[in-house]
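*Asks:* Letter by letter, the chains look like this.
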Amino acid sequence: MKHLSDDEIARELEKLGQAFKPSAVQKEKLRRSIFASARPKKVFRINTLLPSFISLIVLLSVGVGLYVTIGGSDTTNVTASWDGMLLEQSSRTSPTRYVLKFYGTSLTIEDDFLGSSFMSDKVDKEAYLRGYKIKEPLLIPGTYENYTITQSDGTYKLKVDGKTGFTYNLEKKGPRILVGEDGIEYSSRVYLDTLEVITDAITPERLETATQNEHTFLIEWGLDSMDRGNHDFESHEHGQLVVSTDFDELQRGQAVYYHMPPSVIAKNSAVPEMYIGRVVGLPGETVEIKGGQVYIDGKILDTFYGKATRRGAGEEEYFKTVPSNVIVDEQSTREYFNMNMAAVTVKENTLFILVDQWWRGYDSREYGPLPIGEVEGIITGTAE
Amino acid sequence: MSSEAWFDEHYDAVYSYILMLVKDSHTAEDLSQETFMKVVRNEHQFKGDSLVKTWIFRIAYTTTMSYFRKMNPITYYFDLYAHSAKHEQSSEETVLLNSQQRQFYEALNQLKPSYRQVIILRKIQEFSTKDTSSILNWSEGKVKMSLSRALVAFKEELEKGGFTNETLIR
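Sequence order for the protein chains is A and B.
Take 22 as the starting number for the first sequence in my numbering and just add one per residue.
Take 56 as the starting number for the second sequence in my numbering and just add one per residue.
Derived by calculation from the structure, the hints in this document are not laboratory data.
C-beta atoms are modelled at their ideal positions from N, C-alpha and C, and glycine is treated no differently.
Don't take every hint at face value.
[Claimed, not checked] The following label-pair restraints were derived from C-beta to C-beta distances:
#	chain 1	residue 1	chain 2	residue 2	range
1	B	Lys199	A	Ser44	19 to 27 Å
2	A	Ser44	B	Gln155	29 to 37 Å
3	B	Asp85	A	Leu71	32 to 40 Å
[Stated by the list, open to error] Here are the simulated SDA-like pairs of lysine to any residue, each with C-alpha atoms no more than 25 Å apart in a straight line:
#	chain 1	residue 1	chain 2	residue 2
4	B	Lys199	A	Ser26
5	B	Lys108	A	Val120
6	A	Lys180	A	Val120
7	A	Lys48	B	Lys199
8	B	Lys125	B	His81
9	A	Lys48	B	Lys167
10	A	Lys42	B	Lys197
11	A	Lys42	B	Gly196
All chains, full assembly: derive it from the sequences and hints.
*Replies:* Right, here's the structure in full:
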């Protein structure tokens with residue numbers, strides 16, 4: 022017997038392997054089952070997407086709700102109300118003196134700055150600019166047609182179309198103060214929004230002489246809390262003050278002579294028992310101070326006693342007239358001119374009292390509304 | 056090269072390999088399907104440090120082994136799984152073979168599984184020693200040794216069935 026050789030076995034095994042090969046049909050069937058299932062067709066099933074949809078809707082409604090309650094800042098076009106507006110640059114931190122005139126459909130930007138024109142060419146321009154905080158003012162002087170102004174909360178967006186078009190954002194800082202996006206401050210002649218204004222045509226800025234009668238008495242006053250730049254109310258300058266006990270109903274703006282609440286005197290014994298202040302808030306009103314300006318029921322109190330002053334001067338005037346070496350601390354002085362006080366409701370039979378020079382006296386900012394009964398009399402003027 | 060092209064090229068070999076081991080065309084189809092599913096899924100893992108065919112066969116081998124392990128958990132560990140399959144199918148039912156092929160196949164099935172593996176991979180699928188060693192995760196020395204012993208055992212099995220040089224139909 023002859024054994025099988027390895028070669029023969031190998032050959033036969035190879036043949037055997039061929040017999041086990043699958044048929045073409047079988048292979049095709051399997052191919053489809055593998056590669057079809059590996060890439061399953063995307064079938065749109067509402068059920069699988071429903072949770073996503075619902076959460077999306079919930080998220081959107083929450084977002085909208087938050088936007089409405091917190092943001093709520095819708096943009097309104099206020100172009101029409103800016104007709105006739107004049108903005109003058111009030112800051113001195115840039116080498117410009119812009120004046121923006123809005124008239125009809127055109128906007129004129131002028132630059133009244135003289136600085137560089139006085140200098141010879143030799144002066145290093147960079148060294149010269151170093152003295153200014155704002156080195157690249159954005160506005161280019163010229164006349165532009167068809168501007169639009171949109172307001173969103175305290176921000177005004179000035180937009181000019183066309184080839185020379187640009188946009189410029191102005192932020193409202195005070196009732197008449199705007200700050201541009203480059204940091205330049207402007208002041209306007211009129212109030213920026215259509216806030217109602219309370220004025221006072223009766224109260225005189227300076228005390229006049231008053232006649233005396235059986236209902237009046239004279240007092241001496243030495244504090245400068247009512248000073249409006251003329252040592253107002255101070256007896257060493259103007260003589261004694263006439264106080265009348267004959268008054269029916271107190272009016273806004275009237276200076277009153279009243280009993281200082283003991284709580285203030287307890288804190289500072291130098292405060293006189295009898296004090297002078299001006300009636301600012303009447304019973305039923307709400308008094309608020311924002312940015313150094315008094316608001317009555319949300320309306321601007323546009324009177325000489327309605328804003329923060331130093332010796333009668335507002336912020337702008339003060340920093341213009343007082344030499345800078347006299348101002349000890351500009352920061353805190355600025356803060357004084359922009360002071361805030363949360364809204365205070367004046368109850369029945371009480372009054373909200375303010376002195377004329379807020380930083381020099383005590384008033385309702387300290388002790389709250391004053392009961393009317395504490396008022397001794399009204400100051401009608403100086404004695405003859 | 057994508058897995059679909061690999062399928063075209065290597066499906067036949069994988070299927071025949073699995074069918075020889077499991078002896079049931081349905082099971083073989085299922086297992087080769089499973090094998091290629093794994094190939095598709097892990098296509099990005101193939102690093103190209105071996106032949107694609109070797110890599111696919113490694114997957115086919117592990118897939119088939121885990122099938123046996125599931126079917127006969129205990130016997131698998133004693134290297135006995137082929138003999139204890141509950142309803143072993145005869146080779147006639149598996150594929151159509153002539154009498155000589157049947158004799159060869161039955162002789163192959165009498166061998167112990169590790170011998171069978173090495174003969175199928177080295178002689179039928181014609182892998183190199185190195186590739187076989189990576190498919191089975193054996194050392195190359197073990198592959199060589201097993202093959203020579205397997206061939207000796209295989210010859211003995213054939214001769215037990217009265218198969219000699221003379222009776223071979225060429």
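*Asks:* In ascending order, which of the hints set out earlier in this document are inconsistent with the structure?
*Replies:* Hints 1, 2, 5, 7, 9, 10, 11 contradicted; others consistent.
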